[in-house]
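Colleague: Listed here are the chains, written in short residue letters.
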Amino acid sequence: MGEAIVITSGKGGVGKTTTTANLGTAIAMQGKKVCLIDTDIGLRNLDVILGLDNRIIYDLVDVVEGRCKPNQALVKDKRFDGLLYLLPAAQTSDKSAVNPEQMKELVDQLKQDYDYILIDCPAGIEQGYKNAVAGADRAIVVTTPERSAVRDADRIIGLLEQETHEPPVLIINRIRNHLMESGDMLDIDEVTTHLSIDLLGIVVDDDMVITASNKGEPITMNPDSKASIAYRNIAKRILGESIPLMSLSDEKPTFFQKIFKLLGKK
Amino acid sequence: MIKGTKDGFILMLNDQCGYEVLKEELIEKLSVQYKAPADGQAVKARIEAGNRFLTEEQQEEIRQIVHQQKSLLVDDIYSNVITKDEAEQRVREKEMSSMTGIVRSGQVIEVEGDFLLVGDVNPGGMIMAGGNIYILGTLRGIAHAGCYGKKEAVIVASQMLPAQIRIASKLNRAPDQDDESHEMECAYIDDRDQIVVDRLQVLRKIRPGMTKVEGGI
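Heads up: the protein sequence lines correspond to chains A and B, in order.
Residue numbering for the first sequence follows the working numbering, starting at 1 and increasing by one per position.
Residue numbering for the second sequence follows the working numbering, starting at 1 and increasing by one per position.
Don't read these hints as lab results, they were simulated from the structure.
Built from N, CA and C at the ideal position, the CB exists for glycine as well.
Treat each hint with caution, since some may be false.
[Said to hold, decoys possible] On the chain B side, residues computed to face chain A include the following (Cβ under 7 Å):
1. T100
2. S105
3. G106
4. Q107
5. V118
6. P123
7. G124
[To be verified] Pair by pair, the computed Cβ-Cβ distance ranges are:
8. B/K212 - A/L245: 40 to 50 Å
9. A/S148 - B/S98: 24 to 34 Å
10. B/M184 - A/T192: 16 to 26 Å
[What the hints assert, rightly or not] Straight-line distance between alpha carbons at most 20 Å, and here's what the computed SDA-like set of lysine to any residue pairs gives:
11. A/K11 - B/G106
12. A/K111 - A/L239
13. A/K11 - B/P123
14. B/K94 - B/R207
15. B/K3 - B/E48
16. B/K29 - B/G4
17. A/K11 - B/G124
18. B/K150 - B/G137
19. B/K23 - B/I65
20. B/K170 - B/Y134
21. A/K130 - B/G106
22. A/K236 - A/F80
With the hints as extra help, turn the sequences into a complete structure.
Modeller: Next up, the structure:
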């Protein structure tokens, strides 16, 4: 019996879909069977980021309305030997095409066959959000270190606390180290004390994430990027390993800096 | 029975007879002549209903009768009897409700009495209380004390960094630039009818009624 995790944020554009695609990929790379569900009906794009957009035959609404079996709608990602599947959203209807009860039933059914089910939630707190949360066992809240995103995350956490039993966990995305050091961006401590939930991981802002998304290859597949390592670490934490948070500074201390540090100077 | 005091009249109503009889009696009593004071000031009257329960409509009717018969100004109507609802309401207003956790953006907590929060109020969150608000944590959202009109209500917080503070019908917002720490502070309405934020220690002087424990030192 698998576990269903919803990835949500309240605010749009903070990286829910990118996070879902990358965590899915990273968990599959750990050898677990993963199913991603895109619940952003009418504005789907998880398939684009995964590079699976031209293989879609059936979608979420077809499954819910009984036009096909869940297995027929699932798109297999060939890069991961049958470990990563996507259930795409419909592009032609809107959020009201599905209701929370149907979603719960579908997720419960999929939990039989998969270790992890990641549900990509649309922005907002309306019908689409309610659908996405309905079947989830726990939630990951994605935010960026900006006041507006943190405010919306706070609202979502308040709503989640009334729904799911486990407290949600936090991913801080798109961290820009130089802005955080100069104090122009909220720092990690500020965000976590404000939201007061556990931090699951931090991801630095990396231009390669955008390039990778455009190519349809999640950044996690590229082992050199910092964002990729961050997503892999988060995936391992989801699987229950304890991995320390990665350091933010770009350069490793030089030989002389190390010596100065030993001597107690800056 | 009518009694005169230096503040005006006290009309004591018979609480043993029926309401209709009472009205007749009242009209009769009030038709007795009396001279209005020369300075033309309206004379106040207080009505004591004894053990009689008067509904809102009946109260209004009696006010009308007294006002029409003699131009007396009805100050207040006292009765020894209140409804169960009213009694429960009064108990709730005196009660202190408490909560642990965080009041997050979009959440509104409303209580009729005092409110104790062990946790923070985040921006966009709101607390409304009929009485005082005590926050063991950081207030970053909106707090509205005395929201049914109680002007003596106060707001106390371990960290006072509110978006807005409201007490009764007054409102105040945080200054745009403020780098001070604001630990252990309280907010209240001062004698100039404005909300002020001050150190916690001043409360003892300004709101002595808040101390209910006796003895000790």
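Colleague: All hints, please: hold or fail.
Modeller: Tested hints:
At about 12 Å, the closest approach between the beta carbon of B/T100 and any beta carbon in chain A exceeds 7 Å, and the interface hint on this residue is violated. Satisfaction of the interface hint for B/S105 is found here, the shortest Cβ-Cβ separation to chain A being roughly 4 Å, below the 7 Å cut-off. Interface hint at B/G106: satisfied, since its Cβ lies 4 Å from the closest Cβ of chain A, which is below the 7 Å cut-off. For B/Q107, the interface hint holds, since its Cβ comes within 7 Å of a Cβ in chain A; the closest pair sits about 5 Å apart.
Hint on B/V118 is violated. Least Cβ distance to chain A is approximately 13 Å, over the 7 Å limit. Checking B/P123 against chain A by beta carbon gives a least distance of about 6 Å; that is within 7 Å, so the hint holds. The beta carbon of B/G124 comes within 6 Å of a beta carbon in chain A, closer than 7 Å, and the hint placing it at the interface holds. The hint said 40 to 50 Å for the Cβ distance between B/K212 and A/L245, and at roughly 48 Å that hint holds.
Judged by the Cβ atoms, the range 24 to 34 Å given for A/S148 and B/S98 holds: they are separated by roughly 32 Å. Remark: the range hint 16 to 26 Å for B/M184 to A/T192 is upheld by a beta-carbon distance near 24 Å. Proximity of A/K11 to B/G106 is assessed by CA-CA distance (about 14 Å); at most 20 Å being required, the pair is judged to hold. Distance check on the hinted pair: A/K111 and A/L239 sit about 16 Å apart at the alpha-carbon level, within 20 Å; holds.
Of the supplied pair hints, the one linking A/K11 and B/P123 holds, its CA atoms being roughly 16 Å apart against a limit of 20 Å. Proposed proximity of B/K94 and B/R207 is supported: the alpha carbons are some 16 Å apart, at most 20 Å. Between the alpha carbons of B/K3 and B/E48 the distance comes to roughly 11 Å, so the proposed pair stays at or under 20 Å and holds. Our distance criterion of 20 Å between C-alpha atoms is met by B/K29 and B/G4, whose separation comes to about 14 Å.
Between A/K11 and B/G124 the CA atoms are separated by roughly 15 Å; this keeps the pair inside 20 Å, and the hint holds. Proximity of B/K150 to B/G137 is assessed by CA-CA distance (about 24 Å); at most 20 Å being required, the pair is judged violated. Restraint check for B/K23 and B/I65: the C-alpha separation of about 8 Å stays at or below 20 Å, so the hint holds. Straight-line distance between C-alpha atoms of B/K170 and B/Y134 comes to about 18 Å, which keeps the hinted pair within the 20 Å bound.
Restraint check for A/K130 and B/G106: the C-alpha separation of about 16 Å stays at or below 20 Å, so the hint holds. Restraint check for A/K236 and A/F80: the C-alpha separation of about 17 Å stays at or below 20 Å, so the hint holds.
When held up to the earlier numbered hints, the structure conflicts with 1, 5, 18 and fits the remainder.
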